[in-house]
Amino acid sequence: MSHNPSGPLGITSPTANQLIQLLNGNYNATGNVPFSAGTNTTNSISWSATLQYATSSGSGTISDNRPFNTSSGQEHDETYQKECGQVKVTAQTSASDGGTVQDCVTFYVEGAESGIPNATITSDLDNSYQTSKSYPNDGTATLNLMTGVAMKESSYRQFVTPAEGNSDLFNLYAKTGIEAKWPDENVATSQVPRGAYLGLMQVQTATNQATDPNAWDWTTNAGDAVNLFSGATSPNKITIAAGYENDIINGVKSPKIPGHVGLVSLTGFQLENMALVLYAGDVPSNESLATVLTQQYYMPQCPAPGVQGTNKQGNLTCSTGWQWIVNTVNQSAGVNYVSNGSTGVWDLRQ
Amino acid sequence: MRCIITLALTIILGQASPLIAEDLAQIPWNPSNIQTLRSVDKVAVANFVSQIAGTNGSSLEVKPRDIGDSSWFDLAGNELYELVLTLDSSGRGYFNVLAVYTQRSPGNVGLQNIEGWGIGADLSKVVKDLNADGKYEFIILTQVAPGTLGGWYPTSRTPTWPAVYRLKDGKYIEASREFPAFYDTQVLPRLDKEITKASKEAVSAPEIQDSVAELMLEKDKILRVIGRDPTAGLQHAREWTNSEDPQLVQCAIAVFADIGGHEEELHAAKNTMQAAMARQHAAARE
Chain G
1 MSHNPSGPLG
11 ITSPTANQLI
21 QLLNGNYNAT
31 GNVPFSAGTN
41 TTNSISWSAT
51 LQYATSSGSG
61 TISDNRPFNT
71 SSGQEHDETY
81 QKECGQVKVT
91 AQTSASDGGT
101 VQDCVTFYVE
111 GAESGIPNAT
121 ITSDLDNSYQ
131 TSKSYPNDGT
141 ATLNLMTGVA
151 MKESSYRQFV
161 TPAEGNSDLF
171 NLYAKTGIEA
181 KWPDENVATS
191 QVPRGAYLGL
201 MQVQTATNQA
211 TDPNAWDWTT
221 NAGDAVNLFS
231 GATSPNKITI
241 AAGYENDIIN
251 GVKSPKIPGH
261 VGLVSLTGFQ
271 LENMALVLYA
281 GDVPSNESLA
291 TVLTQQYYMP
301 QCPAPGVQGT
311 NKQGNLTCST
321 GWQWIVNTVN
331 QSAGVNYVSN
341 GSTGVWDLRQ
Chain R
1001 MRCIITLALT
1011 IILGQASPLI
1021 AEDLAQIPWN
1031 PSNIQTLRSV
1041 DKVAVANFVS
1051 QIAGTNGSSL
1061 EVKPRDIGDS
1071 SWFDLAGNEL
1081 YELVLTLDSS
1091 GRGYFNVLAV
1101 YTQRSPGNVG
1111 LQNIEGWGIG
1121 ADLSKVVKDL
1131 NADGKYEFII
1141 LTQVAPGTLG
1151 GWYPTSRTPT
1161 WPAVYRLKDG
1171 KYIEASREFP
1181 AFYDTQVLPR
1191 LDKEITKASK
1201 EAVSAPEIQD
1211 SVAELMLEKD
1221 KILRVIGRDP
1231 TAGLQHAREW
1241 TNSEDPQLVQ
1251 CAIAVFADIG
1261 GHEEELHAAK
1271 NTMQAAMARQ
1281 HAAARE
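From first to last, the protein sequence lines stand for chains G and R.
For the first sequence, the working numbering gives the first residue as 1, with consecutive numbering after it.
For the second sequence, the working numbering gives the first residue as 1001, with consecutive numbering after it.
In case anyone wonders, no lab produced these hints; they're calculated from the structure.
Predicted model only: the values in this text are computed from it and were never measured.
Note that the Cβ used here is the ideal one computed from N, Cα and C, for glycine as well.
Some clues are possibly wrong.
Cross-link-like lysine-lysine pairs, in silico, DSS-like; alpha carbons within 30 Å at most [stated by the list, open to error]: (1) K1193/R to K1171/R; (2) K1171/R to K256/G; (3) K1135/R to K1200/R; (4) K175/G to K82/G; (5) K175/G to K1193/R; (6) K175/G to K1200/R; (7) K1168/R to K1128/R; (8) K1063/R to K1125/R; (9) K133/G to K1063/R; (10) K1063/R to K256/G; (11) K1197/R to K1125/R; (12) K253/G to K1063/R; (13) K312/G to K256/G; (14) K82/G to K1063/R; (15) K1197/R to K175/G; (16) K1193/R to K1125/R.
A short, non-exhaustive set of chain G residues, derived as facing chain R with CB atoms under 7 Å [said to hold, decoys possible]: (17) D77; (18) P162; (19) A163; (20) V187; (21) A188; (22) T189; (23) S285; (24) N286; (25) L289; (26) N340; (27) G344.
Listed next, the stretches of chain G that the computed footprint assigns to chain R, with coverage defined by at least 3 CB atoms under 8 Å from CB atoms of chain R [claimed, not checked]: (28) 148 to 156; (29) 249 to 255.
Model the full assembly from the supplied sequences, consistent with the hints where possible.
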């Protein structure tokens, strides 16, 4: 069925291939989307507006069908929150001869075309991080750390057009030249499909977009990442890092891993660096603890001309005092993820 | 005692009933138990992985969602099975580790981890007998010069190349150079096609030039690895290093770092990158 605005039933709004943006709420909702049609009878018009979305590899599916009725020329409004994609609309009524007539139109709901303002993203990320469960409260934490993560992961972009390198969902760009803002999908490889990760923080595309709308709600996308780093996820990366810090300082009884006598506690800032390496996934979680402890952002060093020894408890002593150093020997990838002078998380903070 | 009785019953009855994690290390990983082994679900595999790490001191629980795919393979063609799985340690589903568990004897399990990038959740794309010799190789997607860059900027565009690992003396080693036929038949033709397509698109959409560079980065890495041209990509890198586009400069850094012996050019490219990023930040603030 193709759209026929001049037929006995003609949809007048929305129009074919119209783009509706997420400009309301916190850039995660539309305003009123008006639906109207004209017919040459007084019969009721029954509508069906079905929104569909999936990433280019078919994950994160959304299907939302909305039935409603109008009379000829009457406007009915719908709003879309935290969901977008292609909306196929069908209107149907009884014709004057008793038959059934239909009209249809397809439109699209997309992300904000001018992007979400950087200041808005920064404010949300800063606030989310600073109020998260394990935010280091010793006065040394990096207030805008999550902005660096967002820049590192996506260049601060939740939504991107196909012309900017994103997927061409629904082949809309190829067919019509229309550049819609879709959630920023990871580049496909021979083993990972496009759209396995998406959005501002390049988190895994949630299967249930109703409960975890990280495709279309950038604040949810950001929240998923903050939760993992320092928030509700148990244990989060800061918590895990603190555990490893404790193991390195105090040692482990079983299996026996010696501690480092006199090694001071890490500051909140230093724990952040440890946690970033874990967030990057640079320390395999299935390794032995002894191996894991050697792969952290920091490692203990006995500075020259110090002499190492072992005390009665089997822990390591250092005559000049143990110090933490950046672990470029065993963790160069993670260290550079944190900071490399230009594109590390720390370097990219906003 | 309960463990032994359960294990014995499972073997005697030959049932394909799921094993619990504690049994998995004990049951011999041989052809007569392969049906039972293959009945193990992701929950049990995750528990097994946690348990093995736990015996070595780790208190971190590996959850089923941390495992992309797992399967049993007779990797060496010696009628002993290994458990192979992809693992995510980031919490974000980046299955960047291929873990190979080997049973040295019942209850005694060894582990080899191979790190890559986005190895994925489909082992059929990873574990292959490339040269039909009865032994399996691994195709591990890997970043170019990850130690230098600490991950691509942005992560969403990370370019990778497929490294080949093969068995040697019971361990997997990187051996891409020994498999030129794999690259000649399955990788390079695809890359050439993609480079041609992207190059045409870049004429009208200049931002796609980044995609062209990233594809060429992958191709040149492969040409260097298989010995076709040890300095493949060097000329491209010298062109990219003066670009105002941070993506192209990043590609140049990756090439200089990977080839090695071009410290001055690498240093210059890093300085260019810093300047390009500073300009980008300034533009974003306006």
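Here is how each hint holds up against the structure:
1. Using a Cα cut-off of 30 Å, the hinted pair K1193/R and K1171/R is violated, with the two alpha carbons roughly 35 Å apart.
2. For the given pair, K1171/R sits about 27 Å from K256/G by alpha-carbon distance, which is consistent with the 30 Å threshold.
3. Distance hint between K1135/R and K1200/R is unfulfilled; the C-alpha atoms sit about 41 Å from each other, more than 30 Å.
4. Under the criterion of a C-alpha separation no larger than 30 Å, the hint pairing K175/G with K82/G is consistent with the structure, at around 26 Å.
5. A C-alpha spacing of about 22 Å is found between K175/G and K1193/R, which places the hinted pair at or below 30 Å, so the restraint holds.
6. For a cut-off of 30 Å, the pair hint linking K175/G to K1200/R stands: about 18 Å separates their Cα positions.
7. Between K1168/R and K1128/R, the direct Cα distance comes to roughly 16 Å. Compliance with the 30 Å bound is thereby established for this hinted pair.
8. Of the pairs offered as hints, the one joining K1063/R and K1125/R holds, with about 23 Å between alpha carbons and a cut-off of 30 Å not exceeded.
9. Straight-line distance between C-alpha atoms of K133/G and K1063/R comes to about 22 Å, which keeps the hinted pair within the 30 Å bound.
10. For the proposed pair K1063/R and K256/G, the alpha carbon gap of about 26 Å is at most 30 Å, so the pair holds.
11. Between the alpha carbons of K1197/R and K1125/R the distance comes to roughly 24 Å, so the proposed pair stays at or under 30 Å and holds.
12. In summary, the hint linking K253/G to K1063/R is supported, as the alpha carbons are separated by about 25 Å, within the 30 Å threshold.
13. Proposed proximity of K312/G and K256/G is supported: the alpha carbons are some 14 Å apart, at most 30 Å.
14. Using a Cα cut-off of 30 Å, the hinted pair K82/G and K1063/R holds, with the two alpha carbons roughly 28 Å apart.
15. The suggested pairing of K1197/R with K175/G holds, with an alpha-carbon distance near 18 Å, which does not exceed 30 Å.
16. Proximity of K1193/R to K1125/R is assessed by CA-CA distance (about 20 Å); at most 30 Å being required, the pair is judged to hold.
17. Hint on D77/G is violated. Least Cβ distance to chain R is approximately 35 Å, over the 7 Å limit.
18. Annotation: P162/G was flagged as interfacial toward chain R, and the flag is violated, the nearest CB pair being 9 Å apart, outside 7 Å.
19. Given hint, A163/G at the interface with chain R, holds; its Cβ is 6 Å from that chain's nearest Cβ, closer than 7 Å.
20. Evaluation of the V187/G hint against chain R yields a held restraint, the C-beta minimum of about 5 Å falling below 7 Å.
21. Interface hint at A188/G: violated, since its Cβ lies 10 Å from the closest Cβ of chain R, which is beyond the 7 Å cut-off.
22. Given hint, T189/G at the interface with chain R, holds; its Cβ is 5 Å from that chain's nearest Cβ, closer than 7 Å.
23. This hint holds: S285/G has a C-beta 4 Å from the nearest C-beta of chain R, less than the 7 Å allowed.
24. Nearest Cβ of chain R to the Cβ of N286/G: about 5 Å, under the 7 Å cut. The hint holds.
25. Below 7 Å, beta-carbon pairs count as interface contacts, and L289/G has one with chain R at about 3 Å; its hint therefore holds.
26. Satisfaction of the interface hint for N340/G is found here, the shortest Cβ-Cβ separation to chain R being roughly 5 Å, below the 7 Å cut-off.
27. Annotation: interface hint on G344/G holds; nearest CB of chain R at approximately 6 Å, less than 7 Å.
28. Counting residues of the stretch 148 to 156 of chain G whose C-beta lies closer than 8 Å to any C-beta of chain R gives 6; at least three are required, and the coverage claim holds.
29. Evaluation of the coverage hint for the stretch 249 to 255 of chain G: fulfilled, as 3 residues show C-beta separations to chain R shorter than 8 Å, against a requirement of three.
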